[in-house]
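Undergrad: Each chain is listed here by its residues.
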Amino acid sequence: MNEDGSLPIYYNICSAMGNPFKVQATQHRTCVPFIRLLLVALLASSPGAWASNISGTLGAVGSDTMAGLMLRWGEALVTRHPDVRLQFQASGSASAPPALLAGTTRLGPMSRRMTAEEYQAFEKRYGYPPLEVKVALDALVVVVHRHNPLRQLSLAQLDAIFSTTRECGAQAPLRRWQAFSATLDWPYGKIALHGRNLASGTYGLFRQQVLCGGEFRRDISEYPGSSAVIAAVGESPGAMGYAAYNHLTPMVHPLGVAEQETQAILPTEEAIQSGRYPLSRFLYLYVNLPPDEPLPAAERAFIELILSDEGQRIARAAGFVPLSPPTLKAQELTGD
Amino acid sequence: MTPPSDTLNQRLRLARDRLATGLITAGGIGVLLAVLAIAVFLLWETLPLLRLGDTLALAKLTPLAWGTLKAAFYALLFAVPLALGAAMYSALFMSTRLRHRLKPTLEMMEAIPGVVVGFIAGLIIAPWVERHLAGTLLLVIGLPLSALVAGTIWHHLGTRLQRTLPLSWAGLWLVPWFVLMIALAFWVTPLLEQQLPEDDLRRFLDKQWGIDYATRNAMIVGVAMGFAVIPSIYALAEDALADVPKSLLEGAQALGATRWQALWKVALPTAGPGLFSAVMIGAGRAVGETMIVLMASGNTALFSASPFEGMRSISAAIAIELPEAAPGGLTYHLLILAALALFVFTFLVNTLAEAVRQRLRRRYRRLEGHP
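Quick note, the sequences are listed as chains R and C, same order. Quick note: the first sequence uses the working numbering, first residue 1, plus one each step. Quick note: the second sequence uses the working numbering, first residue 1001, plus one each step.
Okay, chain C solo, but in the shape it has when bound (with noise of 0.2 Å):
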């Protein structure tokens, strides 16, 4: 028999239990509310558009969807081999004293606001890259190269200095290798310039194969989007590459697979939705993105893919224009249908990374031995 002032207790825990169980439910229906609330009147502006019966409207939109996945595109492109190779290396190969060092350093990343990215990116890299195009381009081939030069070097090495520079520390030691070979790109290219028959990489581009460059360009917009979703999907993809059951890959290396061939024919055969899923949420964000594509991009509605051309994305449109947008006016609905076309995209593809990764957590239950 217990006490009564047990069954009390209990009665008042469960009384609790129950609150915070409500309060929680109560949350997240307000939560889904608001959002479908933000839907309903998304669509409610925008049907006055039937009744001015502007044909131009989607005209006018489709240079800024264009502009908006060439963003997206080029962000993800910088930021996709980057994200998922850290993601790989620090889930499998680092040393586990540097991953938690790691892991605060890029949600640190994260924290820093798109605004001050855009700034940064629009009113200093971007013209700092303007005068030193040559230079950036060859960075942008030059550093994948030379880590490979790098990972060549070191396989030749023996084995007492493979020691010394062990693998799981690589992301330190390789720093001053980078360093270096940023300051040989710089020290070299003014002298590969001046082969060129014009003295100048634009002046050859432009004469060569009529290729402009404008300031404000793709190439930045990608960096610096880039540079703002790489934490996010880093830490996702980490995330599913770490979870991977350790009985996997302690198998595959018991019957004599390399710690490379473990990666590749397991872990990431198991853990790929979770990394498709991590691409996703980085796309989303990439889409959804306003301040860094305003300030970087020179907001061209332009149909252009080459990276050296700005683009419009709706984000930065809406930005721009509505504040200055009469109410009740064209303009102002037709902003409010790329705010619709925004909403919904982000949308499914948020709910589309979810279903997948719900889906990965039940399969590692699975191969963990709880069905």
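Next comes chain R alone, as it looks inside the complex (with noise of 0.2 Å):
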């Protein structure tokens, strides 16, 4: 619609349709677009009464594992409103909470929770603490060959296979398959480590919860995506390797994770939605709203269009998981 709330011009031209003796073909075919175009903005102004005309800069300053998932949010929310101009900045979690402070920007998307500092810091500055939005999930798979008897393994025994430091506590490095049981008779060797490349947020993932911030061994094959890391593990039997979730193929089978001696679970969503899988994270978003203020438009829609089903949608095209529906429930924003 025009910015007065009258009809676009369009509409006039197509209504000629009604008489199909005076419009001709080529018309006719040019009219569709027209009327197609004026569905879609009609279908996408409905829900809300702030529809009319959403413009502004939405800006977002933080992790670069999300930048991908925050591009393709706003691209799909820029489909709807064109007037709206993105202006995101990936430069790593640790980048959001300053930049909320410094009031360079309002929303902060991050991969991980905010510390205590930094909520305080921001409460401390402002008055009200940040609203705090979980967005998505993340979530790894260590996946084997289709054919790999190996069912689970534990957090430490994962450390002891893919980190030279051992952090989080491993005895031994662990190198061959015949270290999980002397009478396993195949795979046969040394396993075959595959995973991401070091500016991906699923490597960057791996290495906090994994390695409990370690090193990574050197001989890792390293793939610029999950399907190609997958791809390599179907074919070799004797490979290990680690991707996002969402990558799953019939080729591998993913391997059980257990914390400590507890009892190993499978990657599926149910378990990752419920936080039960270890290699999870919720992937929040931060937003700086005064207690008494309303959203500004942009950001309202912004953070409707992520907690819908297409936004969720999207994250899991974009590789992650998405929220239960009790989480999304919980989270709906009210009408202030």
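Just to be clear, a hint being listed does not mean it is correct.
One side only, chain C facing chain R, incomplete, derived with CB under 7 Å [unchecked claim]:
| hint | residue |
| --- | --- |
| 1 | R1203 |
| 2 | D1206 |
| 3 | D1212 |
| 4 | T1215 |
| 5 | G1298 |
| 6 | T1300 |
| 7 | L1302 |
| 8 | S1306 |
| 9 | I1320 |
| 10 | E1321 |
| 11 | T1331 |
Okay, the calculated bits of chain R under chain C, using three or more residues with CB under 8 Å as the criterion [unchecked claim]:
| hint | stretch |
| --- | --- |
| 12 | 162-171 |
| 13 | 179-192 |
| 14 | 213-220 |
| 15 | 224-232 |
By construction, these hints were calculated from the structure, which means they are not laboratory data. Keep in mind it's a predicted model, so treat the numbers as computed, not measured. Even glycine gets a Cβ: it sits at the ideal position worked out from N, Cα and C.
Got two chains here, separate frames each, mind docking them using the hints?
TA: Here it is, written out as structure tokens:
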């Protein structure tokens, strides 16, 4: 719709279609996209009262794990509201709290929770806490070849396999399949390791949660995508790899992961959403929102989009795990 | 006296020549400026590293530099004997008809995009070789030996048979021989492997010498990248050998030298710089090649010389990490530094090769009697 709320001009052109004898075929064709556009505009604007015209700049500073995800959400928002401009900066989760403090941004995407210090610093500066929104889940799977008899590993074992530092307290490195059981005849030899590249969020999450922040072994083959890791493991019986959850194929099978001596948990969507599967984390969006003010329209539309079915579908497509319906419901924006 | 229309034509031609020269000069200067601009940009983007003051920078880059050189080394190990051998044979021994067919075929080989070669090497050849390791290794050793065997047998054939299988057509009639040898190798390997105490070469290597075999490794990269650099090495080396003044070779043969002696004592020493520059150009291409290494090497930043272990090259690291590195961050600047190193290296190698080639051209002109 136009700014004054009147119907746009193309509506009038296409209304001529009502009389098929007066409209030539060529005109016909050009009119169809117009109508579709109009429909999209009507549909997109129907759910909320704010919908008449959202414009402005949507800025965010924070996690580079979420950079691609934020961008996809942003693009979805722009297709709904073409006047919104995106200004996202991805320089690591640690860059979000200072940017929120300095007031350079109102949105801070973080792939971890704010620490107590960061939280207090924000409260001290503004007098109110930041609004914390869980936007998606990030989960890892550890996979082996589909014929591999191994079914589960503990976190300490994983650390002993993938790291040189063993920060999580394993005694000795685990390098060979025979170390799991001396009677294991196949696969034989060294465990061939596959993983993601340094700059990826998956690499960072694995390092943080499995290696306890330690150093990766150098002989891990690195791939530019999770699908490539899965494919590499799927063709090599002696291989083990880690990848983002959403890329599993029947070529490989995921291992159950156990914390300490407890029972191993298989990475199912339910186990990830409930937090029982150890190799997962919430992704957060922190919002600087004074308690007695409404959210600016662009930011509000953005958060509503994230928590909508479409937003969660986008998260799944980007390699993350959508939030469970109860978590979504608990976070619904109230009508302030 | 010339009619006026002729002088007009001449003037027009002169103007056209001037315009063409001007355009070509401008194009050349433009290219030079672009190269210079790339260098300046890379240098400028590396400067913040000094400010970030990260002493780890070099420690992080050395495995990459090692990986680049290792990949190039194994590629040249595969490509240089094949390409130079092919060049010698086709320049001096091969029948002209076959040679005219061969050159376009090899040029077509160069037209295959690196990403396709890398894809085939990484996703099809690498897993296949892992399953048939023993057979492949037998082939690597056995095929050159079988060529020697074929040569010896040919030597002892009667003159009549030698005439039906002439040396100048060896490139063609050796094909069935090699196919036979490959079939033989894969038929024999399982029997040979059963003689090992472990029944399996990989287990044997592991138990006996602790040799680890990674699916994507330097051997695969060497073969795939070798395949990609063979055409350029071959083309340059073949040109250098074919341009050796005929008078020299004919003189040598007139004095009683065999064709083989003429090759070793006359053609090779004369064309030596040309062969060197061909290898240099190949090395430059191998160092800069990205997709093949990226897809076939496993990208493990290891310090190992083993042909059975992977490596990570500078160009592959840039291709993988740069899209995800935050602009302005440490990783970003490190990658730019790596790109700068790559740029300097390939620039030097190519310049060296070109300089050597120019000298060779002058030498040929002198030998042909044009000072």
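Undergrad: For each hint, tell me whether it holds in the structure or not.
TA: Hints versus structure:
1. With a least beta-carbon distance of about 6 Å to chain R, the hint placing C/R1203 at the interface is held under the 7 Å criterion.
2. Below 7 Å, beta-carbon pairs count as interface contacts, and C/D1206 has one with chain R at about 5 Å; its hint therefore holds.
3. Among the interface hints, the one on C/D1212 holds; its C-beta lies about 5 Å from the nearest C-beta in chain R, closer than the 7 Å criterion.
4. A hinted interface residue such as C/T1215 counts as satisfied when its beta carbon comes closer than 7 Å to some beta carbon of chain R; here the least separation is about 5 Å, so the hint holds.
5. Because the closest C-beta pair between C/G1298 and chain R is about 4 Å apart, less than 7 Å, the hint holds.
6. A hinted interface residue such as C/T1300 counts as satisfied when its beta carbon comes closer than 7 Å to some beta carbon of chain R; here the least separation is about 5 Å, so the hint holds.
7. With its C-beta approaching chain R no nearer than about 5 Å, C/L1302 sits inside the 7 Å limit, and its interface hint holds.
8. Evaluation of the C/S1306 hint against chain R yields a violated restraint, the C-beta minimum of about 11 Å exceeding 7 Å.
9. For C/I1320, the shortest C-beta to C-beta distance to chain R is roughly 5 Å, which falls under 7 Å, so the interface hint holds.
10. Hint on C/E1321 holds. Least Cβ distance to chain R is approximately 5 Å, under the 7 Å limit.
11. With its C-beta approaching chain R no nearer than about 6 Å, C/T1331 sits inside the 7 Å limit, and its interface hint holds.
12. With 0 residues bearing a CB less than 8 Å from a CB of chain C, the stretch 162-171 of chain R misses the requirement of three and the coverage assertion fails.
13. Coverage of a stretch by a chain is defined here by at least three residues with a beta carbon nearer than 8 Å to that chain's beta carbons; for the stretch 179-192 of chain R and chain C the count is 4, and the condition holds.
14. Counting residues of the stretch 213-220 of chain R whose CB falls under 8 Å from any CB of chain C gives 3; the rule of at least 3 is met.
15. As drawn, the stretch 224-232 of chain R meets chain C at 3 residues by the rule of a beta-carbon pair under 8 Å; at three or more, the given contact holds.
In this structure, the hints that do not hold are numbers 8, 12, in rising order.
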